[in-house]
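A.B. asks: In order, the protein sequences belong to chains L and Z. For the first sequence, the working numbering assigns the number 7 to the initial residue and increments by one for each residue that follows. For the second sequence, the working numbering assigns the number 624 to the initial residue and increments by one for each residue that follows.
Calculated from the structure, these hints are not laboratory results. Note that this is a predicted model, so its numbers are computed, not measured. It is possible that part of the hints are untrue.
Derived contacts from chain Z toward chain L, CB cut-off under 8 Å, selection only [stated by the list, open to error]:
| id | residue |
| --- | --- |
| 1 | Gly734 |
| 2 | Pro1016 |
| 3 | Gln1102 |
| 4 | Pro1105 |
Listed next, the in silico BS3-like pairs over lysine-lysine satisfying Cα-Cα at most 25 Å (straight line) [unchecked claim]:
| id | chain 1 | residue 1 | chain 2 | residue 2 |
| --- | --- | --- | --- | --- |
| 5 | Z | Lys1029 | Z | Lys884 |
| 6 | Z | Lys884 | Z | Lys1086 |
| 7 | L | Lys63 | L | Lys82 |
| 8 | L | Lys115 | Z | Lys1099 |
| 9 | Z | Lys750 | L | Lys227 |
| 10 | Z | Lys1099 | L | Lys82 |
| 11 | L | Lys8 | Z | Lys742 |
| 12 | Z | Lys856 | Z | Lys784 |
| 13 | L | Lys138 | Z | Lys884 |
| 14 | L | Lys91 | Z | Lys884 |
| 15 | L | Lys110 | Z | Lys1099 |
| 16 | L | Lys196 | L | Lys206 |
| 17 | Z | Lys1029 | Z | Lys637 |
| 18 | Z | Lys686 | Z | Lys750 |
| 19 | Z | Lys1099 | L | Lys185 |
| 20 | L | Lys110 | L | Lys185 |
| 21 | Z | Lys1099 | L | Lys138 |
| 22 | L | Lys123 | Z | Lys1099 |
| 23 | L | Lys82 | L | Lys60 |
| 24 | Z | Lys784 | Z | Lys686 |
To spell it out: a stretch of chain L is covered by chain Z in this simulated footprint if at least three of its residues, at any positions, have a beta carbon under 8 Å from a beta carbon of chain Z; those stretches are [said to hold, decoys possible]:
| id | region |
| --- | --- |
| 25 | 11-23 |
| 26 | 94-103 |
| 27 | 131-140 |
| 28 | 223-230 |
We put the CB at the ideal spot given by N, CA and C, even for glycine.
In case you want the letters, here they are:
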Amino acid sequence: MKSPEIVLSLNEIMFYFTRAAVGAGLSFGLAEDFGRSSIWIAASGLDPARITSKTLKSLDEAQSSLCASQTEIGAKTVLTPSGGKQLSALFAGPSVCDWILETKEVSDKTQHFVVEKVDHPFLIAAAVGALKSGNWEICWQDSGGTLCNVLTGQNGNWKTSLEGNEIFQQHSPADVSIKSAESSLFSSKKWIEKNTFSEKNSQDVLESGVPLYESWPIIHKLFFSLPGCFHRGVAQVWRRSRFGGYGLKTNCTKT
Amino acid sequence: MEDEKSETTHIVTKGMRSPEKVMRLARMGSSFQTRLSFMRSLTRRISKEKWRFEKLRFEVDEKGYGTSVYVVHTPERTYSLITFTNEVAPEQRTDRVVAEVWDATFNLFDGIPTEADIKRLSANTPKQEAGRFGPSELVLARANKSLRLFEHVASRLSEGKQPDIELLASVGYLMRTTAVYGSGKFGCADREKISNRSEMRGSFQVELITVYLFRWFTIELVEYVAKQRGGRKAVSLNPEISKFLGIGNATGLGMAPFLIKHPVLIHKWVLARETALSRVVALESHTPESLSLFSKFMFQATQHIAEWNVEDEQQTSRIIKTREDLKQLSNWFANEENINQPLIWERILRFAEANFSLEGQELTVSLLLESHGKLVDELADDMQTSTGIELEPSMSLNQLRELLQKSFNWALEIDFDDPEKQRRFWYYSEEKLEPRFGDRYADPGAEQEMPLAVARDVFLLNKKIKSVSDDISVGKFVQNHPEFRNIVRRVQTVVRFPYAEIRDNIVDAEMRPIDLLRFKLAFFGASKFDPKSELWTRITLFQGAPLPDQFVGNDSDEWAFPFCPDIVAA
Chain L
7 MKSPEIVLSL
17 NEIMFYFTRA
27 AVGAGLSFGL
37 AEDFGRSSIW
47 IAASGLDPAR
57 ITSKTLKSLD
67 EAQSSLCASQ
77 TEIGAKTVLT
87 PSGGKQLSAL
97 FAGPSVCDWI
107 LETKEVSDKT
117 QHFVVEKVDH
127 PFLIAAAVGA
137 LKSGNWEICW
147 QDSGGTLCNV
157 LTGQNGNWKT
167 SLEGNEIFQQ
177 HSPADVSIKS
187 AESSLFSSKK
197 WIEKNTFSEK
207 NSQDVLESGV
217 PLYESWPIIH
227 KLFFSLPGCF
237 HRGVAQVWRR
247 SRFGGYGLKT
257 NCTKT
Chain Z
624 MEDEKSETTH
634 IVTKGMRSPE
644 KVMRLARMGS
654 SFQTRLSFMR
664 SLTRRISKEK
674 WRFEKLRFEV
684 DEKGYGTSVY
694 VVHTPERTYS
704 LITFTNEVAP
714 EQRTDRVVAE
724 VWDATFNLFD
734 GIPTEADIKR
744 LSANTPKQEA
754 GRFGPSELVL
764 ARANKSLRLF
774 EHVASRLSEG
784 KQPDIELLAS
794 VGYLMRTTAV
804 YGSGKFGCAD
814 REKISNRSEM
824 RGSFQVELIT
834 VYLFRWFTIE
844 LVEYVAKQRG
854 GRKAVSLNPE
864 ISKFLGIGNA
874 TGLGMAPFLI
884 KHPVLIHKWV
894 LARETALSRV
904 VALESHTPES
914 LSLFSKFMFQ
924 ATQHIAEWNV
934 EDEQQTSRII
944 KTREDLKQLS
954 NWFANEENIN
964 QPLIWERILR
974 FAEANFSLEG
984 QELTVSLLLE
994 SHGKLVDELA
1004 DDMQTSTGIE
1014 LEPSMSLNQL
1024 RELLQKSFNW
1034 ALEIDFDDPE
1044 KQRRFWYYSE
1054 EKLEPRFGDR
1064 YADPGAEQEM
1074 PLAVARDVFL
1084 LNKKIKSVSD
1094 DISVGKFVQN
1104 HPEFRNIVRR
1114 VQTVVRFPYA
1124 EIRDNIVDAE
1134 MRPIDLLRFK
1144 LAFFGASKFD
1154 PKSELWTRIT
1164 LFQGAPLPDQ
1174 FVGNDSDEWA
1184 FPFCPDIVAA
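Bound-form chain L, shown alone:
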């Protein structure tokens, strides 16, 4: 197996990934949510740089949008990107989490949320998983027509419907549906033999650190594109760039 580019602690994952997201154009509050998603990915034993770098790059290169409108049609809430672009999962993930927290107490379990044209569907699941708010099923169809599911459970456990890394790497825009799931679903016949991630992964990561491979330089580059982010030990450079302050000057979403 090839050697990692670097091994980081979870604290460093939060530090670098949050600031890389600000460097890519996110406000600090949304970037912190992205940092938490990255920790969730890392604590599951996965490489958060490999999984998130394309999404950050897509935002940095203005291929994805942070502008969307939200509508409610009966039990369905829909988040639609504005301006014809694909919607950044870094914006959509926190919106889904806010909806989950808002509807948590509602007894109507038919309520569901649909995010249209998300640039990286798995990052919606990562945002929901990092929220640690019970059982949720996140579904989308990949470009080949295969149905992809992620099921979050109690205590940070979660499952995917596909084997291997395929589900984490899908970067074709898709409509993602999020709905509440019964806790019994986690151990049901449909899910029992699926790819499972658990708290044990998290303990292992605390004992060994988070290895990051070939995508780390992209995070690293975005981190250093943020003014004010200098961290000794990574590089003795500091690049100035185009984003000012920490986000209080930006506003692009639609009501």
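Mind docking chain Z on chain L? Use the hints.
C.D. replies: Using the frame of chain L, we list chain Z on its own:
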């Protein structure tokens, strides 16, 4: 694990000092250590659990350069201090964060290191931030000698003499740390790895275990160097002198942002102290024992403050006023009429509040707690938190507006349209490679501001809320205005924790960062604050604390307000 919801029930009860009074920069910058300070709870735990200490390796040359491993065995685990000492050229010697070599570099290792671990660390630890570490390393740190005192002590001991006690008192340490990194920095173990361990209960325990072990190492090192020089003629330090030697520390702006970034934790620290104080002042009667203890600590504090001399003019005048305050307190206490009435502790506090400077008042608080260990010590176990800063999207914007009016009135009263009210800004300096405090209208870099200006952001949030319809949810509001997501969730969280927020404008033209540093360092248990500017200070850690072989009897916790031992150099 602590039930996070239960934390929401904490409120400021009758008899406690209010957040409006306590969480002001001027008072925070007058803080003193108390028996709830983290160093004090650590030494109590060492004593109670009878931790064992062991020197596993000491491979240094006659000048004291080499590798050593000092170990502490707690009831359940073992931790090792691995130290590398080397020669530093005079032109390379600096305490600043830009330094690249230090007299000593060290790690706290989780367990006992193998030869391979030591070899790996020998290639990384001396490089500090430029090295890489792993989860087996809990702390990374470095220190420089007080050249003057180290050389003096080594020289005198080598001649069979004890050091000059006045010189020793004027410095207070053989080495001073210039950085102590924990919590996952540079690849070290995350706090989460150790947070459930009983010996890590409380704040900054792993960092302070490291400093405590290092203090022991510095004393053994100077004795070793003396022995190499003097041979059979050399003597060891008198144990009372050893005990009086602490570890110095130079602390700059790097520490200040922590207080803003961890509001719930700060609430827990202050809540513990204020709860302790309210318990003491609520005591209607007093015992001869508590009177005697108060008197004893008042004497120790008087001696301690008499020996506290600094170059900074402002701090010097504050120390002089504190000495006068202590004299007044002593006179009050000597009056039998005052002592023979009920509620003596409350009356002492009221007397201090009516007559003393802020430093005098906070010193009085420390003294009141010091004489009531059995009543307050258990509060130290709750000076930590697992509560994060969370958004409540279902809250209506109108409710959020009410929260701002109710709990952030202090911030809304500041006129941020006045340029002086946001003259300063916090940023990372490219040139100095450390957090800096800039002048927005004179220095470059304001666009690099760190998100720490809570009062200003609350002001802007309130202004924005006024401009939109308030019949929407907070979730909808932050979706439309993601730039406020950060400050909204902070507001929603900290309203449940009254001591969480510093109730001052930390970007005001008149703001003194040194106040933040002193507040935090006092909670660590630091003493002898020696401000070198408004931006950094020197302090002493563990001065007066028992060394590993001095935890005997019941007085091992009575090391507050250390003063110079009455020993004449032989």
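A.B. asks: Does Pro1016(Z) meet its interface restraint, that is, does its C-beta lie within less than 8 Å of any C-beta in chain L?
C.D. replies: Where the cut-off is 8 Å and the nearest Cβ of chain L is about 4 Å from Pro1016(Z), the hint holds.
A.B. asks: Between the alpha carbons of Lys1099(Z) and Lys185(L), is the straight-line distance 25 Å or under?
C.D. replies: With a Cα-Cα distance of about 20 Å, the restraint between Lys1099(Z) and Lys185(L) holds, given a limit of 25 Å.
A.B. asks: Quick one, is the Gly734(Z) hint okay against chain L at 8 Å, beta carbons?
C.D. replies: violated (12 Å)
A.B. asks: Quick one, are Lys856(Z) and Lys784(Z) close enough, alpha carbons at most 25 Å?
C.D. replies: Status holds; Cα separation ~9 Å.
A.B. asks: Go through the hint on Gln1102(Z) and say holds or violated, using the shortest Cβ distance to chain L against 8 Å.
C.D. replies: Gln1102(Z) check passes; min Cβ-Cβ to chain L is 6 Å, inside 8 Å.
A.B. asks: Lys1029(Z) and Lys884(Z): Cα distance at most 25 Å?
C.D. replies: holds (22 Å)
A.B. asks: Quick one: see if chain Z covers the region 223-230 of chain L, three-plus residues with Cβ-Cβ under 8 Å.
C.D. replies: violated (count 0)
A.B. asks: Need the status of pair Lys884(Z), Lys1086(Z): alpha-carbon distance at most 25 Å?
C.D. replies: holds (23 Å)
A.B. asks: Does the alpha-carbon distance linking Lys82(L) and Lys60(L) stay inside the 25 Å limit?
C.D. replies: violated (29 Å)
A.B. asks: Under the criterion that the straight-line Cα-Cα distance not exceed 25 Å, is the pair Lys196(L), Lys206(L) satisfied?
C.D. replies: Status holds; Cα separation ~23 Å.
A.B. asks: Taking beta carbons only, do three or more residues of the region 94-103 of chain L come closer than 8 Å to chain Z?
C.D. replies: With 3 residues close enough to chain Z, the hint holds.
A.B. asks: Going straight from one Cα to the other, do Lys8(L) and Lys742(Z) come out at no more than 25 Å?
C.D. replies: holds (23 Å)
In summary, the numbered hints that this structure violates are 1, 7, 14, 23, 27, 28.
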